[in-house]
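S.K.: Keeping their order, the protein sequence lines are chains A, B, C, D, E, F, G and H. Heads up, the first sequence is in our numbering, so the first residue is 1 and it goes up one at a time. Heads up, the second sequence is in our numbering, so the first residue is 1001 and it goes up one at a time. Heads up, the third sequence is in our numbering, so the first residue is 2001 and it goes up one at a time. Heads up, the fourth sequence is in our numbering, so the first residue is 3001 and it goes up one at a time. Heads up, the fifth sequence is in our numbering, so the first residue is 4001 and it goes up one at a time. Heads up, the sixth sequence is in our numbering, so the first residue is 5001 and it goes up one at a time. Heads up, the seventh sequence is in our numbering, so the first residue is 6001 and it goes up one at a time. Heads up, the eighth sequence is in our numbering, so the first residue is 7001 and it goes up one at a time.
These are computed hints drawn from the structure, not numbers from a lab. It is possible that part of the hints are untrue.
[What the hints assert, rightly or not] Here are the simulated distance ranges between beta carbons:
{"id": "1", "chain 1": "F", "residue 1": "Pro5061", "chain 2": "B", "residue 2": "Thr1049", "range": "46 to 52 Å"}
{"id": "2", "chain 1": "F", "residue 1": "Asp5132", "chain 2": "G", "residue 2": "Leu6007", "range": "18 to 24 Å"}
{"id": "3", "chain 1": "D", "residue 1": "Lys3136", "chain 2": "F", "residue 2": "Thr5025", "range": "55 to 61 Å"}
{"id": "4", "chain 1": "F", "residue 1": "Pro5061", "chain 2": "B", "residue 2": "Met1031", "range": "31 to 37 Å"}
{"id": "5", "chain 1": "E", "residue 1": "Arg4035", "chain 2": "H", "residue 2": "Glu7050", "range": "56 to 62 Å"}
{"id": "6", "chain 1": "E", "residue 1": "Glu4027", "chain 2": "H", "residue 2": "Glu7112", "range": "21 to 27 Å"}
{"id": "7", "chain 1": "F", "residue 1": "Glu5064", "chain 2": "D", "residue 2": "Gly3023", "range": "43 to 49 Å"}
{"id": "8", "chain 1": "B", "residue 1": "Gln1083", "chain 2": "D", "residue 2": "Gly3023", "range": "20 to 26 Å"}
{"id": "9", "chain 1": "E", "residue 1": "Arg4035", "chain 2": "G", "residue 2": "Lys6011", "range": "28 to 34 Å"}
{"id": "10", "chain 1": "H", "residue 1": "Met7031", "chain 2": "F", "residue 2": "Ser5062", "range": "54 to 60 Å"}
{"id": "11", "chain 1": "B", "residue 1": "Pro1080", "chain 2": "C", "residue 2": "Gln2083", "range": "19 to 25 Å"}
{"id": "12", "chain 1": "E", "residue 1": "Gly4084", "chain 2": "F", "residue 2": "Met5031", "range": "30 to 36 Å"}
Using N, Cα and C, we set each Cβ at its ideal position, and we do this for glycine too.
So the chains spell out like this:
Protein chains: 8
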Amino acid sequence: GFARLDLHRAKRVGFPEVIYGEGKTVEQVVMIFERLVTNHNVVLATRVTEEMGRAVTAKFPSAEYNKRARTILWKKNSKPVHQGYIAVVCAGTSDLPVAEEAAVTAQAMGNETKLICDVGVAGLHRLIDKIDLIRKANVIIVVAGMEGALPSVVSGLVDKPVIAVPTSVGYGANFGGLSALLGMLNSCASGVSVVNIDNGFGAGYQAGLINKGMDPSYKGE
Amino acid sequence: GFARLDLHRAKRVGFPEVIYGEGKTVEQVVMIFERLVTNHNVVLATRVTEEMGRAVTAKFPSAEYNKRARTILWKKNSKPVHQGYIAVVCAGTSDLPVAEEAAVTAQAMGNETKLICDVGVAGLHRLIDKIDLIRKANVIIVVAGMEGALPSVVSGLVDKPVIAVPTSVGYGANFGGLSALLGMLNSCASGVSVVNIDNGFGAGYQAGLINKGMDPSYKGE
Amino acid sequence: GFARLDLHRAKRVGFPEVIYGEGKTVEQVVMIFERLVTNHNVVLATRVTEEMGRAVTAKFPSAEYNKRARTILWKKNSKPVHQGYIAVVCAGTSDLPVAEEAAVTAQAMGNETKLICDVGVAGLHRLIDKIDLIRKANVIIVVAGMEGALPSVVSGLVDKPVIAVPTSVGYGANFGGLSALLGMLNSCASGVSVVNIDNGFGAGYQAGLINKGMDPSYKGE
Amino acid sequence: GFARLDLHRAKRVGFPEVIYGEGKTVEQVVMIFERLVTNHNVVLATRVTEEMGRAVTAKFPSAEYNKRARTILWKKNSKPVHQGYIAVVCAGTSDLPVAEEAAVTAQAMGNETKLICDVGVAGLHRLIDKIDLIRKANVIIVVAGMEGALPSVVSGLVDKPVIAVPTSVGYGANFGGLSALLGMLNSCASGVSVVNIDNGFGAGYQAGLINKGMDPSYKGE
Amino acid sequence: GFARLDLHRAKRVGFPEVIYGEGKTVEQVVMIFERLVTNHNVVLATRVTEEMGRAVTAKFPSAEYNKRARTILWKKNSKPVHQGYIAVVCAGTSDLPVAEEAAVTAQAMGNETKLICDVGVAGLHRLIDKIDLIRKANVIIVVAGMEGALPSVVSGLVDKPVIAVPTSVGYGANFGGLSALLGMLNSCASGVSVVNIDNGFGAGYQAGLINKGMDPSYKGE
Amino acid sequence: GFARLDLHRAKRVGFPEVIYGEGKTVEQVVMIFERLVTNHNVVLATRVTEEMGRAVTAKFPSAEYNKRARTILWKKNSKPVHQGYIAVVCAGTSDLPVAEEAAVTAQAMGNETKLICDVGVAGLHRLIDKIDLIRKANVIIVVAGMEGALPSVVSGLVDKPVIAVPTSVGYGANFGGLSALLGMLNSCASGVSVVNIDNGFGAGYQAGLINKGMDPSYKGE
Amino acid sequence: GFARLDLHRAKRVGFPEVIYGEGKTVEQVVMIFERLVTNHNVVLATRVTEEMGRAVTAKFPSAEYNKRARTILWKKNSKPVHQGYIAVVCAGTSDLPVAEEAAVTAQAMGNETKLICDVGVAGLHRLIDKIDLIRKANVIIVVAGMEGALPSVVSGLVDKPVIAVPTSVGYGANFGGLSALLGMLNSCASGVSVVNIDNGFGAGYQAGLINKGMDPSYKGE
Amino acid sequence: GFARLDLHRAKRVGFPEVIYGEGKTVEQVVMIFERLVTNHNVVLATRVTEEMGRAVTAKFPSAEYNKRARTILWKKNSKPVHQGYIAVVCAGTSDLPVAEEAAVTAQAMGNETKLICDVGVAGLHRLIDKIDLIRKANVIIVVAGMEGALPSVVSGLVDKPVIAVPTSVGYGANFGGLSALLGMLNSCASGVSVVNIDNGFGAGYQAGLINKGMDPSYKGE
Ligand SMILES: Nc1ncnc2c1ncn2[C@@H]1O[C@H](COP(=O)(O)O)[C@@H](O)[C@H]1O
Ligand SMILES: Nc1ncnc2c1ncn2[C@@H]1O[C@H](COP(=O)(O)O)[C@@H](O)[C@H]1O
Ligand SMILES: Nc1ncnc2c1ncn2[C@@H]1O[C@H](COP(=O)(O)O)[C@@H](O)[C@H]1O
Ligand SMILES: Nc1ncnc2c1ncn2[C@@H]1O[C@H](COP(=O)(O)O)[C@@H](O)[C@H]1O
Ligand SMILES: [Mg+2]
Ligand SMILES: [Mg+2]
Ligand SMILES: [Mg+2]
Ligand SMILES: [Mg+2]
Ligand SMILES: [Mg+2]
Ligand SMILES: [Mg+2]
Ligand SMILES: [Mg+2]
Ligand SMILES: [Mg+2]
């Protein structure tokens, strides 16, 4: 085959290999999906096209295709989720696809998520309105483009870890997300760590790992 | 001489040429200062060393050397200032030298300034405490390093123009002020324009021009 | 809904939230436009496609679609404009879309604008011909690509604030507008502040705020 | 005073403001340290010089100055630490100052740390020797310069969150830590989030927040 | 003609000029291919389209078009290959086109190659499984995108030269392959040299030159 | 010896090798100077320290050390210069060392130069005052830092080739001369070519070559 | 009209405004072409599409459209050219469009050109074969992509000014021509000045100006 | 101790760990040197200061300190070297320290080296004079700063692998060696691979590995 799947991964790191759809053919995605379904209890594909979504759900009707998040998620049985929830906070509506990719990933790992959208720093009252919901989360994912200032502001108001996701939303001197990335890396607030530009998956995964670790009833995979 | 002063400038743009101390010798600064004093009602030097401060004030006792702002300011007579005031807001204590350069420049142009310091976005209540003072200003200069998020937050709370000054404060991926500069240029809030990194002078000048124009009693130079 | 509008914004900053068309569907733009029309006296959308233009003006016949500026503007009643005018000066014909976006934005905020086009620094006499018109403005927006030298030259000839807009016009080592952006940030002339590359909206908004503040008859929103 | 301390911070985010020594005078550091000691149970200063270390410990003999980490730490009483430990893994000996800054910060927040040093990817057996100690940690901080590959390798072997710290160690095309930073942001392994170049403090803080949250006996500050 | 072929090259550097298909028309490629066939024993074209593949193999049925490698290779007679083999190791399946371009190029120069695929550093056991095969090679080509960490890990396990090829695989802060390129240039392991991003040809050529030199039975062209 | 001098160069390119002082010891500069004096009619050293200046002029009293230009120039006999002159125009006083390096180099090649200083674009009348002197030159060197706008303005007013020299004068987003360099490369005026940042030598040499070629009485070296 | 033509330019700088086709409509190009034909003896358009070529030559049959150079050139009468010739040297066949743009521009200004193609530094004998033709030119334009080494090599062999044009030919770490641009700016050979990436027009214009100035029979426009 | 030496390395990769002096204290270097001497037949330290050189040779009189290369080399017994030699070619005299670091490293690995210096591309005849010596080498290291063109020229004249080392020699737009690095990565000649800026050690090591592999009498460590 064209790919040597890392089937041992779930043992080692607690979650099976995730399919990255970009640059793969529909057939390849279906084939890998099938092989992972045979070996694991949960299978996740990200950055998939609508065509991939249709092809996989045709074969695995219990798989769920999420158009905005560009994900396909399949789970053997609905395991109860870990205690507490992960807040996914996003600055503008254009950041939503990245935010939803983060949410689906965290859910795939057995976590509850709450999405708080369109609370950018140019209208602080919108954030303040939602701050209690955010504060009560165990982990907070903050997604923002342009100047990427939202993680600093959120982190200054809570005592929970913030996973910051810069997006490529913006134009001109945003240089494809560089402005938001640098903003988040240089946050003057403590308790912020950063993933790659537009990497909703990476943020959802990291938040999922943290929340799982915070669950006292969880005994390891 | 080594420099062709633009003595005509005050006529043309409303303020005489300002001495940029960087890279000049003490003697050169004194000589140019003298020549400008002869021709104008106000003389400003920026980026001056302590030695330049001592040498100029020795010759012109009415000149004022500001160590933190690294400026020397001389005025013929204490002209009344323009109506209203300019708020100079700064994020951290390390941004103060730039903020004070801005304040001295705006004062040199006949404006009142109010300095609001250490109100970075990691502790929003500090900014909220001062928001009325900021809102009542005619123009607001916001000085910040690191992620440079403060101008976005301030601008979302006021209906006045914000002049944003990125500083080189920070380390690592701040790349000498680039992170703050890009953050400010990509501000999601409207009503923010930006000057060069650490350019307190430029911000004070721009704010001064604007406030002067807002003074209905002002009839032009 | 997919977006949490900041309806409180007009109160806070003096102008309602502006619709950014990029990346939105035609339906989303129409829906948001409608909701804003219900709540405000003026509604502005920028970066809209022709299809958005047609869809919105079909529903709101009094809205004006400007193809070159890529804007849609709707106003409840033709409020008299603020005193004085804003000059929008642009270097080359390719900079026109950005210049017009600036002009429409300033007009939306109740300002008169005058457009002075194709006066780049390679033929100074074209600028000199128009300098009186520029000097009499309250605020000057200068739009230029390539080396972005025009704001420095203009600013050295006037005693009014210059808002500089770098454009992505050019090729090769212009790096998508970086050359003009850096040129403007490093202007050797005082009284220049800068907005993002191609951000005509931001410049028009900043100039509009300043001119509104300069209007002695204006009492606040 | 020159600084408006954010004394309310401990309430809001669970840990008092941390003194950043860079660019401050010895007197300023002593003065702020004193004020924080009066208001809090723990005080931490980072990026301090030896002179600052001497001055502060002279006044507060129970404060501990760590030369390699460039920190001063003062604690009112030795509170028992949270359950489990944080592993601080570092690639080369030159990365030690950053690793120790991370460790001291995590300790200041009430966490136990274990330092595993000089296990860079060019000699994998060194890492494999220590992998059990790393796997049993609740959170793992990985510090590396040059190509910054260590977090990817570690993260592929554990089911715990990895906080990656790029360092400026290296020369030439490392561009002051950029190579390690980009390497970590583009990690092909999941469960890695990144802080600023050389920001041991930020990593220790984030890991500390996470480990605190994982402690089932912890009830909030 | 439009091109001055360097027909003397095979004499000088031991291998004839290679056709770079990018930006050429199908006709140009066929014409140059023909001319080279007349003058040499082996002809290689890289970065060719399917159409070029069809056109050339129609005319030269013994030429081999490789779709994934985007190459066309023609050899006069099947000369025996040099002793030993070159290992072509690649991190992920998306790096395969570059890896195969490297393999075809090395083969064209009379070398045997072995392809070891999908052994990225996030699942080390996959690499360890294959390490003997890699160790026994005379030269090792390592192809990787994203953080480009694989060459460091491989090089630390073998005593053979590693030619590293960064690929543009990834997104966001990979900046078109810059992250992998910088990672490889800053490798903490010795015995790694690097070619341009996505330059499989260059790596195959360099490895081919080295392996040829290592063949004691080889007497020069 | 440590250096293989290119003594054949004067034959080939019309001017002997020039000593680049940076990074050389005083002894090395003296030794090379001596060797070149033996073989040529003119010897030039650039980027020399004061100590080098003293050491060389001690040995060769007819050599001329120019402190501001950081050059040493020795000529066998005062050959008459080529017809016409080269204008060296510079924007600010801080650009003078680069401008003088250019002038000395052009003089060394047998050209007359005229220096026109402190005529930056922020005060156009200063340039206009001198425009006739500039227009009558055969070649024009324009030296400027910050936004580097002066070559565009000059080139739009003359029908002679302009050699533009960006300088590192400025701070912040000038990025060590990058802003001026990009500005000059993107000049909207025709007839501008550019040399490296601070490379007065390169500009003087290029202008010298051109003016020599324009001299109808010149018959080649 | 949409454009304020600089009709005065031919007087001032010796050549009329040149039409830059990029981003203009076919109608705009035809209209401007017409207006320039009415006012001048020569009209040049660059970066034109085939459609523009057809439309203009339909209206002005004596205009010449050059597909590879992407130019349209119209001349009133065939004025005799200036003495001597300009060599246009290019490294690879992919650099030809830029080289021909340079040649057409120089011809438009009344100069003879000679094109020497495909003489890149990887096969020096190709350059050596042509060196006499190059040496006898008055000015030499050198066009190269990738590492941009050709101008250094040429300049070390001639005593004439070299105008270097970096092209965007290449991939990966050529960063759109940056590698060639930096290579040329840092040339270790003297007598090289550089224009923007892919700016054949700029090089042709500069070389044209120089050659015109070298023509002793030329008396000015 | 502060460092976990990789004593197993010589077994694994054929050469013991090399001491990188930068950032270490004299005591640390002496201590590590001692420990390596006890365990290996050859010990190499690079980037050492004169003080380190004195301290180590005081303790190990048979160790050789090379001031220009900044290396210390100790060998148990003078093992005969591998067959053939490595040519170390360098462009300018300022590149010598990097070239000598490469030579010492290759010698430490049991190879003969020949240094060919000051043969930059601006005077090709200097290179041509030495080409036979270069052609007969088994591997060629080429060291160059500024535009880094030398590896392309050399590689086009030989049938041996070229290891290219960019140096930080130059100023302005060389950006600390970036120009040479990009030039070498984009070489139009085949058979060039590149190491980090100023990384003479890396080049010497890679060339040493290759030459060792080419030695038919060599049977492995
Ligand atoms: N701190 C500053 N930052 C930037 N520009 C300045 C500053 N201070 C003065 N200037 C400008 O520098 C010009 C003088 O430059 P120079 O002729 O080199 O002394 C003045 O006319 C100001 O426009
Ligand atoms: N080593 C460090 N790196 C980054 N930020 C720090 C560091 N140490 C302290 N800080 C932050 O700097 C803030 C204090 O900054 P300042 O008000 O300028 O003293 C603290 O609240 C911390 O959030
Ligand atoms: N895939 C490739 N990547 C980089 N260089 C190549 C590639 N294929 C061929 N070349 C080089 O490109 C040269 C031909 O370039 P050209 O004359 O533009 O066709 C050949 O001699 C090779 O050295
Ligand atoms: N100021 C300068 N900037 C750039 N290149 C220079 C300068 N001065 C001399 N050179 C060049 O440096 C070469 C000598 O370099 P080197 O062999 O290292 O001494 C000369 O042949 C000149 O081409
Ligand atoms: Mg919104
Ligand atoms: Mg503070
Ligand atoms: Mg025009
Ligand atoms: Mg070590
Ligand atoms: Mg895989
Ligand atoms: Mg001046
Ligand atoms: Mg070719
Ligand atoms: Mg030399």
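S.K.: Now, for every hint given, state plainly whether the structure supports it.
M.R.: Quick rundown of the hints versus the structure:
1. Pro5061/F with Thr1049/B: 46 to 52 Å: With a Cβ separation near 38 Å, Pro5061/F and Thr1049/B fall outside 46 to 52 Å, so the hint is violated.
2. Asp5132/F with Leu6007/G: 18 to 24 Å: This hint holds: roughly 23 Å between Cβ atoms.
3. Lys3136/D with Thr5025/F: 55 to 61 Å: The hinted range 55 to 61 Å holds for Lys3136/D and Thr5025/F, with Cβ atoms some 58 Å apart.
4. Pro5061/F with Met1031/B: 31 to 37 Å: 33 Å, holds
5. Arg4035/E with Glu7050/H: 56 to 62 Å: Since the Cβ atoms of Arg4035/E and Glu7050/H sit about 59 Å apart, the hinted range of 56 to 62 Å holds.
6. Glu4027/E with Glu7112/H: 21 to 27 Å: 51 Å, violated
7. Glu5064/F with Gly3023/D: 43 to 49 Å: 45 Å, holds
8. Gln1083/B with Gly3023/D: 20 to 26 Å: Violated: the Cβ-Cβ distance is about 37 Å, outside 20 to 26 Å.
9. Arg4035/E with Lys6011/G: 28 to 34 Å: Since Arg4035/E and Lys6011/G have Cβ atoms about 52 Å apart, the given range 28 to 34 Å is violated.
10. Met7031/H with Ser5062/F: 54 to 60 Å: 57 Å, holds
11. Pro1080/B with Gln2083/C: 19 to 25 Å: 24 Å, holds
12. Gly4084/E with Met5031/F: 30 to 36 Å: 50 Å, violated
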